[in-house]
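Visitor: As a plain string of letters, each chain reads:
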Amino acid sequence: MKNTFIGAPMERREDLRFLRGKGTYVDDLAPEGLLYAVILRSSVAHGRIRSIDASAALKIEGVHSVITARDMPDGPPIIPMRLQPLPEFKPFEQPVIAHDKVRYVGEPLAVVLASSVAIGEDTLEHIAVEIDDLPAFSEWQVAAQNKSLLFEQAGTNRSLTFYSRKGDADAAFAKAPYARKEKLNTGRHYGLTMEPRGVMAEWDAGKGRLTISGAAKVPFFNRRILAKQIGLPESAIEMIENDVGGGYGARGEFYPEDFLIPFAARHVNRPVKWIEDRRENLMAMNHARETEAHIEIACERDGTIIGLRGDVHTDMGAYMRTNGAVGARNVVQFMGGPYRVPHVKLDSHLWMSNKTPVGTYRGPGRFESSFYIERLLDMVAGDLGIDRIEMRRRNLVTAAEQPYPIASVQPTDAHDQYDSGEYSEAMNRALKEFNWAEKSKFAGKLIDGKYHGLGIACFVEGGAAGPKESARLEVNGDGTITVFMGSSAVGQGVETVFAQIAADALEIPMDRIRHVYHGSTTTVSDGYGAYHSRSIVMGGSALLDATEKFQAAIREAGAKKLGCRPDEVKIGEDTVSGGGKSFPLAELAGLTAEGAFLNKKHTYSYGTHIAHVTVDAKLGQVQILDYVVVQDVGRAINPLTLRGQIIGSLVQGLGGAMLEHLQYDEQGQFLTGSLADYLLPTATDFPNLRCFVTDDYPSPINPLGAKGAGEGGIVAAGGVMANAVANALSSFGAQPRRLPLSPSYIWELVQAGSRQAAE
Amino acid sequence: MTTKFEVNGKQVEVDVEPRLTLADCLRQNLRLTGTHIGCEHGVCGACTVLVNGDAVRSCLMLAVQADGAKVVTVEGLSNDADLTPLQKSFRKHHALQCGFCTPGFITTAHALLTEEPDCDADRVREVLSGNICRCTGYISIVEAVLDARSAYKKDGAR
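Heads up: the protein sequence lines correspond to chains X and G, in order.
So for the first sequence, our numbering puts the first residue at 984; every next one is plus one.
So for the second sequence, our numbering puts the first residue at 131; every next one is plus one.
Hint data in this document are derived by calculation from the structure and do not stem from the laboratory.
There may be inaccurate statements among the hints.
Derived BS3-like pairs (lysine-lysine); straight-line CA-CA distance at most 25 Å [as the list claims (entries may be wrong)]:
no., chain 1, residue 1, chain 2, residue 2
1, X, K1553, X, K1532
2, G, K200, X, K1005
3, X, K1005, G, K140
4, X, K1005, G, K218
5, G, K200, G, K284
6, G, K134, G, K222
7, X, K1433, X, K1601
8, X, K1543, X, K1532
9, X, K1532, X, K1451
10, G, K218, G, K284
11, X, K1005, G, K222
12, X, K1422, X, K1601
Just need the whole structure built from these sequences, with the hints factored in.
Guide: Right, dumping it as structure tokens:
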């Protein structure tokens, strides 16, 4: 049989347990003797710790112990960077628990272990903490004055500057006939997961083994960190990936609790579980996105881009966390988006502040830079009297230019190039599906009390982070097959898509693939995880390699049993035949083969977003009447889950464009500690969204031809919405320069425009 | 305190602290872990269960307040043999990804369709706007609920 599961909208295997409430998330586990951990967090944004006294707390019934930095004789371990681990970042890395200073509201001070969460929470107020306040700040401009330092020994609040370079920008700008400079800002968001984080640790004192449940995203890397910190060999630690209630880049990185809970379990020799509550989650999970760009674009009079230069300032929060530098690098590496930019000189400054530390959130740096370049293109088009579509068409990278080299970044020595695609084709398809020609009649018009506007933005999405992914197949006792993957599941449906890929390659029905195991260090020998839109590209390609080796192994073993040559052996659905004989595949139970995919290059899927909005100028409210996304993904494995990725990430992006912002006051007090303050999209907010997927330009760098597709929906959402609002309010001369586009901000834009008209 | 109520058709009696929420009681005392806790302040809807037929946030209700009530959780709206029409529709439309918010959507949608099997898309969105999903973007959930309406009409099979 010749299968075509790849490309078919297969319903998911995972759904059968999730829909019945039978998923197993880490908080669903409750072994005998369990103690519950509750964390005392700093309410002071910046200060020196004088004392932490838990003596009163320890008298409360049900309290087992209180752990502080003093229980760690060598001092609290430091959490190392996972990505871009530069020596410059070392002084800014986070200890697992505060010991001399606190640097943000929410920083762990003590861990209470109690017989219930409620008793643990009651106990927090009985721990006496004395902290001498230090001047705190929550804006990069104050950080840049270096008056108050988060890390005195570093001598500066700037942890690094990334330099993004291509061509000779200064020379090109000197000769350019046109340039425009803008200051633009994006808000502070985070990859809020519906399941808060959680860790459960069990210590087997007899065997000297730790078992950690609640692992996600990069379990193997986190095991390496923990093993070093806690002084155990990696082989003595098992990381169990349970069902994971959302990742989005934020979940599964190594956080302070990923040390504190295993440490506590060994310290008291009892199982310990910690489940984050939502308030904690808002102030403890990695923040992202808050940048300010001072950026200049130079163009020919016909709109051809000559260059980009300027500075981007990122508010990193109080510490450099595992992947905290990714967004700040990406924002200058990918500022050109899908456009041809011959000259680039962009500096990205990473400023420490008294806020929750930063990590990645889906489309890190890409969402921000897309907002910047797309706003600039519309402003330039307006200045030069060029149609917005024509402006983009002139500058989109063509297939003939692929692989197209982008700016390189120092000091990480990052050089990259786009892989394949004719970017204007996605734009043309989007214009057609949207019916731009017809709808552009509404642009800027006031109809029934609302201003109509259209916005467009084009994007690239990076994927396929290396260096490697691994996969293994094994014959089960009943002749079915089990797949073991180094990739991790964060809700994206990998059990289904990997079964599709394996069944297609083996030319067997999908139900012959009994299980797809992933993530946990117990089920696979090695793995690199789920981030940077890499699961399908890297994991899928590793799986193809594994199936080839698996088939070869079956032929080899079959030939011996059948007395024929391996190339005469035929592998059926559940039988192996050759030389006129056959036997059941089950007789090869235990036969296994492992494969891998190694890769240093990246994939770049691409596409276009277009929106039609109305703006109520009196209330500042924006409604989307139609929104189209077209994305070319190289090769679509499962159109059903792919659509889920695109629409799902789009609504996250619209949340960032319109609603979400983590707010602090000037002294670093956190103001958005509930879901009534941090606004997320709901079912009534964005009902009219459509997406179209193409796979016209497979990636040349992997055997599947696939490109990542988890971020394309989010990347362009900020730019397209701001452009649509600008278009709607063009009669007021409104130019949105920051996100989110809150009702009050839009009202301000309208008022400013009205005042100008009156003057 | 001792409190008695019915859960998924079975009488239960639990000895709980007065301050224990119904959500914690279901999960910890009764080990019905399909009900998920996402915010504990009544915004996200992940903990939604049916109390006497109404969709209720079990994080905002105390276990002792359920005394004498009929409580149904996602487990009570499921069977091992087959997915229900509502669950099938969720699967068909890919109305779930990580699955964490899903039990709350299933219970909320079940309550809506039981009361209003003829509801339109706007009504579905309005009712579901009390539940937060971070993965799907809601479009597929609304489609799934609309598509399941026929199973809730009087002549349709539940």
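Visitor: Which numbered hints are broken by the structure, listed smallest first?
Guide: Failing hint: just 6.
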